[in-house]
Amino acid sequence: MPAGTLYRGREGMWSWVAHRVTGVLIFFFLFAHVLDTALVRVSPQAYNSTIATYKTWPVNLMEYGLTAAILFHALNGLRVIAVDFWAKGPKYQRQMLWTVVTVWVVLMAGAFYPILQETLRNWFG
Amino acid sequence: MAIETTGSISGVELTNDRPTDPSAFLIEPPRTRTKRTGRKSRTNFEMLAWLFMRLSGVVLVFLVLGHLIIQLILDGGVTKISFAFVAGRWASPFWQGWDLLMLWLAMLHGANGMRTVINDYAERDTTRFWLKVLLVTATVFTVLLGTLVIFTFDPNIS
Ligand code: HEM
Numbered sequence: 001m002p003a004g005t006l007y008r009g010r011e012g013m014w015s016w017v018a019h020r021v022t023g024v025l026i027f028f029f030l031f032a033h034v035l036d037t038a039l040v041r042v043s044p045q046a047y048n049s050t051i052a053t054y055k056t057w058p059v060n061l062m063e064y065g066l067t068a069a070i071l072f073h074a075l076n077g078l079r080v081i082a083v084d085f086w087a088k089g090p091k092y093q094r095q096m097l098w099t100v101v102t103v104w105v106v107l108m109a110g111a112f113y114p115i116l117q118e119t120l121r122n123w124f125g
Numbered sequence: 001m002a003i004e005t006t007g008s009i010s011g012v013e014l015t016n017d018r019p020t021d022p023s024a025f026l027i028e029p030p031r032t033r034t035k036r037t038g039r040k041s042r043t044n045f046e047m048l049a050w051l052f053m054r055l056s057g058v059v060l061v062f063l064v065l066g067h068l069i070i071q072l073i074l075d076g077g078v079t080k081i082s083f084a085f086v087a088g089r090w091a092s093p094f095w096q097g098w099d100l101l102m103l104w105l106a107m108l109h110g111a112n113g114m115r116t117v118i119n120d121y122a123e124r125d126t127t128r129f130w131l132k133v134l135l136v137t138a139t140v141f142t143v144l145l146g147t148l149v150i151f152t153f154d155p156n157i158s
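From first to last, the protein sequence lines are chains A and B.
Mapping the first sequence onto UniProt numbering, position 34 (from 1) lands on 34, and the numbers just tick up by one.
Mapping the second sequence onto UniProt numbering, position 40 (from 1) lands on 40, and the numbers just tick up by one.
Just chain A, same shape as in the assembly (with noise of 0.2 angstroms):
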């Protein structure tokens, strides 16, 4: 590779990729979420049972994360919005990235019990 070509962006290189990759995270899930939901057409039975194995431990996790993909994509939205569209955007995008980071760290903290309060209930009793 010729010296000097690879683009090193700093944290606006890392949130963009991070917004690209939870993005498509989500929409895969959305497809699945609206197939998994599509079986309360089918009878009660069908969905119930689906349903359990998103209340199994290693679903739950999951669930944990897709919340922090979600929280982070949602957050991080709107600071790219707020620098498209407000005058003092671009100036202050990383200022506005920190906050974002700080007010997603915040809120998965605050998410940790009510998300997966089961699973730790069955654990730790």
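FYI, nobody ran anything at the bench for these hints, they're computed from the structure.
Be aware that one or more of the hints could be misleading.
FRET-style restraints, in silico, Cβ to Cβ [said to hold, decoys possible]:
1) B:Val136 / A:Tyr7: 27 to 35 angstroms
2) A:Ser49 / B:Thr43: 46 to 54 angstroms
3) B:Val136 / A:Leu107: 31 to 39 angstroms
4) A:Gly125 / B:Gly97: 39 to 47 angstroms
5) B:Phe25 / A:Pro114: 53 to 61 angstroms
6) B:Ala91 / A:Met108: 44 to 52 angstroms
7) A:Trp57 / B:Ala49: 38 to 46 angstroms
8) A:Tyr7 / B:Pro22: 22 to 30 angstroms
9) B:Pro29 / A:Ser43: 26 to 34 angstroms
10) B:Glu28 / A:Gly89: 23 to 31 angstroms
A virtual CB, placed ideally from N, CA and C, is assigned to each residue, including glycine.
Following the hints, complete the assembly by docking chain B with the ligand onto the known chain A.
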């Protein structure tokens, strides 16, 4: 500084260890019309798509985060979800409307985002074309299925 679109770059000394064809330096402005640009169809589709991503994003913040709070956080988290729980919520036109709007906005927002991702990484015309056919098929199918389920839901199904 004006951007040259005709192929000559003024004021640049070209030395021998660099490409000597000036067009090697040329980056066409995004809106330049080239031979491959269709002559008709001068619509604002890309601008409208860009705007839609932002408008739908703002609405989705409320719809999706509200959905997560109700389904995963309140009243014991996922454990409470069952057929009866769904039946209880969809008895109300408000929640039916919420879910319907969320389905349409999220699918269209997500599909348009996937279109951008496909355009970025699939370089061959035919690959791009077939990936988009797949994307549109999956999106139309999912939106229609979800809409049908919301409208035809029957709490007394056995
Ligand atoms: C929760 C609220 C949401 C907000 C505020 C939001 C915001 C945004 C914005 C502003 C963009 C455009 C980024 C750009 O042009 O650079 C975007 C892209 C995208 N979004 Fe969302 N979004 C949300 C929810 C979703 C959902 C539910 C999905 C999946 C179904 C999704 C999937 C995508 C994808 C795949 C992209 C394209 C990413 C890329 O081009 O790199 N988003 N989002």
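ask   = Okay, which hints does this one fail, numbers in order?
value = 6 and 9
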